[in-house]
Amino acid sequence: MKVRTRSAMAVLAIGALALTSACAQGNQGAPAAPSGSAGASAPAVEPYKAPTITVGTAEDSKGPAIEPEGVVKGGTVTMIDRDDFSHLDPGQLYVNTETNFSLLIARTLTGYKRTDKSEYKLVGDLATDTGTPSDGGKTWTFTLKDGVKWEDGTPITSEDVKWSMERTFASFITQGPTYIQQWLTDVDHKKAYQGPYDGKRLDSIETPDDKTIVYKFKTPHADANYAFAMGGYGIVPKAKDTKEKYDKAPVSSGPYIIKNHVVDKSIDLERNPNWDAATDPIRGAYPDKWRLEFGQEPLQITDRLMADTGPDQTAFTFYATVPPERLQQVLGDPALAPRLMKSPSPYGNYYYFNLDRMKDQKVRQAINYAWPSKQIQQTMGGPAAAALPTTILNENTTVGYQPYDLFGKTTKPEGDIEKAKALLAESGNPTPTIVYAYNQTPVQEQITVVIKSALEKAGIKVVAKPLDRKTYYDSIGLVKNEFDLYWGGWGADWPSGSTVMPVIFGPIADGAPNYSHLKDEALTKKMNEIIAMTDIDAQNAAWMALDKEIQETITPAVIAENRIANTLHGSKIGGAEIDPQSWVVQPNRIFVKQ
Amino acid sequence: MTIPAPVASTSVEPLAAKTPETVGRSPGQLMWLRFRRDPTGIVSAGVVIFFFLVAMLAPVISWLYGRDPYILYGQDTPGLLNDFGYPVLPNGGMSSDFWFGIEPGLGRDVFMQLVYGIRTSLLIAMAATLLISMIGIVMGIVAGYIGGKTDYFIGRLIDIVLSFPSTLFIIAFMPVVENLFVDPSEETPVWLRAVTLVTLLTAFGWAGIARLLRGQVLSMREREFVEAAKVTGASPARIIFKELLPNLWTPILIQSTLLLPAMVTAEAALSFLGVGMIEPIPDWGRMFLRGTEVYQNDITYLIFPGAALLIFVIAFNLLGDSVRDAFDPKLKR
Chain A
28 MKVRTRSAMA VLAIGALALT SACAQGNQGA PAAPSGSAGA SAPAVEPYKA PTITVGTAED
88 SKGPAIEPEG VVKGGTVTMI DRDDFSHLDP GQLYVNTETN FSLLIARTLT GYKRTDKSEY
148 KLVGDLATDT GTPSDGGKTW TFTLKDGVKW EDGTPITSED VKWSMERTFA SFITQGPTYI
208 QQWLTDVDHK KAYQGPYDGK RLDSIETPDD KTIVYKFKTP HADANYAFAM GGYGIVPKAK
268 DTKEKYDKAP VSSGPYIIKN HVVDKSIDLE RNPNWDAATD PIRGAYPDKW RLEFGQEPLQ
328 ITDRLMADTG PDQTAFTFYA TVPPERLQQV LGDPALAPRL MKSPSPYGNY YYFNLDRMKD
388 QKVRQAINYA WPSKQIQQTM GGPAAAALPT TILNENTTVG YQPYDLFGKT TKPEGDIEKA
448 KALLAESGNP TPTIVYAYNQ TPVQEQITVV IKSALEKAGI KVVAKPLDRK TYYDSIGLVK
508 NEFDLYWGGW GADWPSGSTV MPVIFGPIAD GAPNYSHLKD EALTKKMNEI IAMTDIDAQN
568 AAWMALDKEI QETITPAVIA ENRIANTLHG SKIGGAEIDP QSWVVQPNRI FVKQ
Chain B
327 MTIPAPVAST SVEPLAAKTP ETVGRSPGQL MWLRFRRDPT GIVSAGVVIF FFLVAMLAPV
387 ISWLYGRDPY ILYGQDTPGL LNDFGYPVLP NGGMSSDFWF GIEPGLGRDV FMQLVYGIRT
447 SLLIAMAATL LISMIGIVMG IVAGYIGGKT DYFIGRLIDI VLSFPSTLFI IAFMPVVENL
507 FVDPSEETPV WLRAVTLVTL LTAFGWAGIA RLLRGQVLSM REREFVEAAK VTGASPARII
567 FKELLPNLWT PILIQSTLLL PAMVTAEAAL SFLGVGMIEP IPDWGRMFLR GTEVYQNDIT
627 YLIFPGAALL IFVIAFNLLG DSVRDAFDPK LKR
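In the order they appear, the protein sequences are chains A and B. Basically the numbering used here = 1-based index in the first sequence + 27. Basically the numbering used here = 1-based index in the second sequence + 326.
Simulated from the structure, these hints should not be mistaken for laboratory data. Please note that the accuracy of each hint is not assured.
[Unchecked claim] So these bits of chain B aren't anywhere near chain A, every CB distance computed over 12 Å: (1) F376; (2) V380; (3) L390; (4) R393; (5) Y396; (6) L398; (7) Y412; (8) G431; (9) V487; (10) F499; (11) E548.
[Said to hold, decoys possible] Covered stretches of chain A (chain B as the covering partner; in silico rule of three or more C-beta atoms under 8 Å from a C-beta of chain B): (12) 471-478; (13) 482-496.
[As the list claims (entries may be wrong)] Here are some chain B residues pointing at chain A (derived, C-beta under 10 Å): (14) F410; (15) S489; (16) P606.
Keep in mind that this is a model prediction, so the values were computed, not measured. Here a beta-carbon is modelled for each residue, glycine too, at the ideal position from N, C-alpha and C.
All chains should be built: construct the whole structure from the sequences, respecting the hints.
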């Protein structure tokens with residue numbers, strides 16, 4: 028799953044000149060000793076509790092969802108965010124904010140039911156349970172619930188579910204997950220099958236009756252039920268499939284219907300009368316109406332939520348976290364504490380080296396040593412806004428996490444220029460020039476200044492290339508791109524190491540998440556061996572060992588800072604919580620306090 | 327009153343010395359005399375010259391002051407900025423080491439940022455003003471003097487330029503320029519940004535001055551002294567340069583002195599909107615952008631560039647007023 032890049036551009040009026048009192052308070056709390064450790068002023072982030080996810084039973088899969096304490100039904104809730112969703116067609120969803128929104132209008136075969144804080148159960152959403160595997164995990168059978176309907180009242184059939192999977196093979200579907208498609212056909216799944224629109228159907232999905240659907244994979248996949256929970260496998264009605272146009276006007280199977288959508292500005296939702304809470308164990312759907320507003324920067328959104336007046340009292344945001352400029356104020360104000368949600372990112376973030384262009388490992392290691400991690404952290408808002416990991420796998424989400432520190436980041440987080448210079452002297456080119464591509468947002472622009480300043484101290488010339496934020500991933504996703512170093516984030520698609528390393532070091536293609544273009548037969552073989560392991564603990568340990576080995580022998584990336592979301596919500600919003608898996612505020616439990 | 331015809335003898339000298347007030351003066355000298363008597367004009371001229379000196383001597387100031395605009399002091403020296411990136415000391419981190427304080431986040435020296443930022447902005451604004459004046463003068467005089475179809479077409483061109491949404495166009499056009507001229511493996515050169523900014527500001531700025539001058543030329547074209555020149559067989563070039571242009575210097579000078587501060591603010595506004603100069607080149611306008619982001623915790627960072635721009639624009643506008651008054655005392659209120 029891709030994580031959207033953040034920015035904090037402010038376009039505020041310069042009304043502040045009126046406040047020309049030439050006496051401004053100091054900002055207390057600098058680190059007392061230059062030890063490089065975190066200073067005293069940033070409150071320590073409470074230890075992250077990784078979500079526990081278990082597989083639920085058929086009983087768990089029955090609706091309605093568990094109600095949050097003090098829940099009230101009705102009212103209008105407002106969601107404010109920076110960008111409109113670029114896709115609404117379930118087949119095209121892979122970005123966390125988009126799949127989060129799709130919870131409101133589209134259903135999947137399985138899904139995650141919240142049973143307690145940081146405790147989730149995988150349950151059947153449209154299916155009566157999480158599916159029955161047979162044939163050693165090669166065949167998966169699901170039975171649809173009774174009473175599940177489209178927004179027009181027609182029942183959801185197994186034919187619709189089959190159609191939804193088949194259409195993701197069509198050429199107009201360019202985004203979205205591809206796991207199940209590959210399991211059903213081949214690694215190059217779009218070559219194996221081109222979609223149902225020319226009348227050809229996919230034999231590996233069977234629908235013996237209207238309620239039963241059988242998937243037949245080529246290889247065993249014991250965790251397939253998790254894959255079906257991805258928003259990208261949401262369903263589309265066969266009778267109302269408008270192909271490309273479906274992206275603009277999807278038909279709802281969830282609790283709400285899109286009443287009005289002004290692109291890049293707003294979406295209005297109203298209740299879907301044909302959605303039955305009794306069939307849905309996941310979605311609470313407490314508010315009567317939703318209003319989603321787009322086009323505001325996180326700074327403005329934070330200011331609105333801090334002010335908490337009028338309709339903003341019932342507002343929250345999926346993804347706009349408090350920007351560095353407001354962190355001191357927000358974290359320092361006890362009145363805001365009850366409305367503040369904190370969660371470290373479950374994503375791994377990397378500054379990938381383009382291995383096609385950066386061929387000298389010594390240079391890559393030198394950059395790792397010289398990397399100004401501490402300075403970048405400060406620019407992002409300090410330890411309260413970002414942690415400094417040293418491993419490829421995310422410490423918060425990895426079971427059996429083992430820390431290691433290859434480049435002295437714990438002792439010298441500000442970068443070891445001497446060591447970098449020594450390594451560069453050993454390499455073929457002591458004064459290399461690298462092209463660093465970045466997402467052109469105000470925060471990233473500042474971080475680029477920091478990176479440039481640090482690397483130039485070590486004698487590395489940095490050519491900075493700003494990239495347009497809308498097409499950032501498209502630009503760095505080209506295999507033949509002309510950059511040496513660029514940021515990218517990746518998170519597990521479901522709780523398994525198999526959805527991280529085999530993906531970010533997997534197949535190389537335009538748009539594929541192997542941004543470092545790492546191609547190593549021995550490594551691929553090793554990863555396949557680990558995937559095939561049946562002992563989960565041994566598998567986790569093997570991933571962790573491989574993590575260190577890759578950084579040691581190949582160094583395909585600089586491990587980037589791991590951001591910590593600090594997100595506010597309005598005072599009349601109840602049930603708001605950052606989802607520990609997708610790192611966005613979840614809509615399922617939101618309600619409006621009276 | 328006429329001066330007595332000088333007699334070709336040395337004995338007249340004392341006479342001439344006694345009547346200095348009656349010596350013929352060029353309009354320029356007259357203007358200078360009147361200008362010197364205007365205290366507002368003198369003070370604002372002093373302020374404007376001070377700003378230009380600061381801009382020109384930026385490297386010298388940096389050398390004397392001992393700070394560099396590109397070094398991230400706050401990040402290299404622990405204890406200057408707190409965990410959130412704000413200056414620890416009151417008043418935005420003002421101290422004897424950092425006179426105007428430290429920039430929040432990146433930790434650069436605010437004084438140096440401002441001095442170099444003024445230099446960037448003034449250079450761009452000066453270049454744009456010069457070009458605008460030149461194009462405006464040529465187009466205005468050509469339209470006014472030749473008249474007919476030429477006047478019609480230039481007039482419509484002016485209409486189009488004046489009605490164009492220039493800011494929106496520049497915001498949309500900047501990325502296009504970068505894609506067209508910059509190789510993907512190269513950084514966008516600073517000069518390209520500067521040249522594009524100057525070109526675009528010029529392209530949308532010349533119409534006002536051209537229209538004004540066209541009107542002036544139209545009213546002067548039919549006057550006796552131009553008629554006389556025509557009758558004596560003067561070439562159009564002579565008429566334009568010797569007869570018309572000397573009478574146009576007043577509006578041209580006034581327009582230019584008002585144009586320069588407008589260009590400085592326009593450049594600042596574009597940088598504020600994110601299409602001006604980019605990091606790490608110090609820029610006045612971008613300091614506002616940053617200032618509006620951080621002012622709730624660090625108002626000082628907004629005050630210095632704000633006050634500097636306020637003083638500069640007011641001084642330059644007053645200077646423009648004084649120059650106009652000095653050229654044309656009849657207009658004095």
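To see whether the hints hold, each was checked on the structure:
no., hint, verdict
1, F376, "holds, 21 Å"
2, V380, "holds, 21 Å"
3, L390, "holds, 23 Å"
4, R393, "holds, 15 Å"
5, Y396, "violated, 7 Å"
6, L398, "violated, 5 Å"
7, Y412, "violated, 4 Å"
8, G431, "violated, 5 Å"
9, V487, "holds, 27 Å"
10, F499, "holds, 14 Å"
11, E548, "holds, 48 Å"
12, 471-478, "holds (count 5)"
13, 482-496, "holds (count 5)"
14, F410, "holds, 4 Å"
15, S489, "violated, 25 Å"
16, P606, "holds, 5 Å"
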